[in-house]
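Chemist: Based on the provided sequences and hints, a complete structural model is requested.
Protein sequence lines correspond, in order, to chains A and B.
This note's numbering numbers the first residue of the first sequence as 1 and each following residue consecutively.
This note's numbering numbers the first residue of the second sequence as 394 and each following residue consecutively.
Hint data in this document are derived by calculation from the structure and do not stem from the laboratory.
Only true hints are included.
Partial pick of chain B residues on the chain A-facing surface, computed with a CB cut under 8 Å:
hint, residue
1, Met394
2, Lys395
3, Leu396
In silico negatives: residues of chain B with every beta carbon more than 10 Å from chain A:
hint, residue
4, Ser408
5, Asp421
6, Leu451
7, Phe457
8, Val458
9, Thr463
10, Leu469
Glycine is no exception: its CB is placed at the ideal position from the N, C-alpha and C atoms.
Here is how the chains run, residue by residue.
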Amino acid sequence: MKRLPPIPGEWIDRGRVLRFTFEGRGYEGFAGDTITSALLANGVPVLGRSFKYHRPRGVLSLANHDVNAMMQVGQAGSTVPNVRADVTLLEDGMIVEAVNTSGGLASDRLRFLEWFSAFLPVGFYYKAFHKKSQFPFWEKVFRRITGLGRIDLNAPRRTTPKRYAFCDVLVIGGGPAGLAAAAAALEAGARVAIVEENAQLGGSALFSLGAAPPNAEVLALLAKVKERAEVYTASYAAGYYADHWVPIVTPDYIVKMRARAVVVATGAYEQPAVFRNNDLPGVMLASAAQRMLARHAIAPCRRAVVLTANDNGYCAARDLAAHGVEVAAVVDLRAPAGALPSTPARWCCKAMACTRHWRMRRACCAACASPRSMAAMNSTTLPYARSPATACS
Amino acid sequence: MKLLTCPINGPRPVSEFFYWGEMRAMPDPEKASDDEWAAYVFNRNGAPGIKREWWYHLPSGVWFVAERDTIADKVLRTYLYDGAPEAQA
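Modeler: Shown next as structure tokens:
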């Protein structure tokens, strides 16, 4: 992973360098980076450990749709747990550590737990240690080795003021659909507020490009909404209560928004393809690769394999190629016309069987022989019966 | 927080209001039997449905009637008491 030359429309300000530490090592990022993107730009592939087996986890969605990148942020003794690194902006002097490790992220002493995964089924500790005499002891042990961040009891009190706001139409989500809704409401003379989780509006219109410039129509909507609507970026709508009462959580305060109508335009969740080891660093959703390219000018890898079950995969492949990433293969799971239903699954099986990557050999594609390869996945419509995991097992 | 529309002051948060129960016809205390009077004093109809209720807007001191659908959790309308015959208890 490396930073690319400047890209038009990127979210980072290369003039302002921010220094931060991650797991005790110093790194540099740019203003506008999120914690995750700054780490990726520095070539840090492992961002966290899974909460039970402590498997290594890298970027998956880069959209706060996964919990791979949760951080403990702050000076020792007064840290904030479970900071969402995918969407939290980097600050100068930030001290960041991965949550739920024992002895650091790289050499987590608890990573051996994975070897015993067959003996630790879901609910195992509740069933095996439910005796009253045993549970208090084991509860402490399990609390320490599983879960997410730890709470610092000495952390200074953070004041989170509340504000009240009112609008006619509240749009949740600043992607193309949200922008269109907001623009239409503005057109009708309504007072509009728009909430976007990321640092800037635009959503997929600005990263899922297919090597083309952003849609001019969407850019016009964006300019109009920015100028005339009340914009909450880096914020999320935390609930939806009676009579359109929506609390908006911004980084510094909460807004109790009373709307007369609410438009939910939160977009689609890209579904990961199901196959063994699809959680390892290096395997990510295609939209994550597109996000890091377009927003933070980071190449996710040198060579990529795109696994897809719909046309969006080709859009991602074009984006990767346009930024100098070699697209070694596009594996399309859809059956070609007239083929037997098992054909795409067999392709996949073959493709996944023979990479030389450590542990990725079962998970990646024959074409990506380089150890720094990636399978970008885009499988929103992937039928599970044809998923690679089913095919390989 | 829910909103309730006061006929005088418009939509206000429900915390500004006070609920005084369902509108019920009072039997004539002179003529009612003991059972009728006891039922009026002690029994309430809890069945869900459309209810006519007394509400009071505390800051401005307005008594009014709200018609509320307790199945759909919706306020159908609110109006000042117009002396119309009360709902049957």
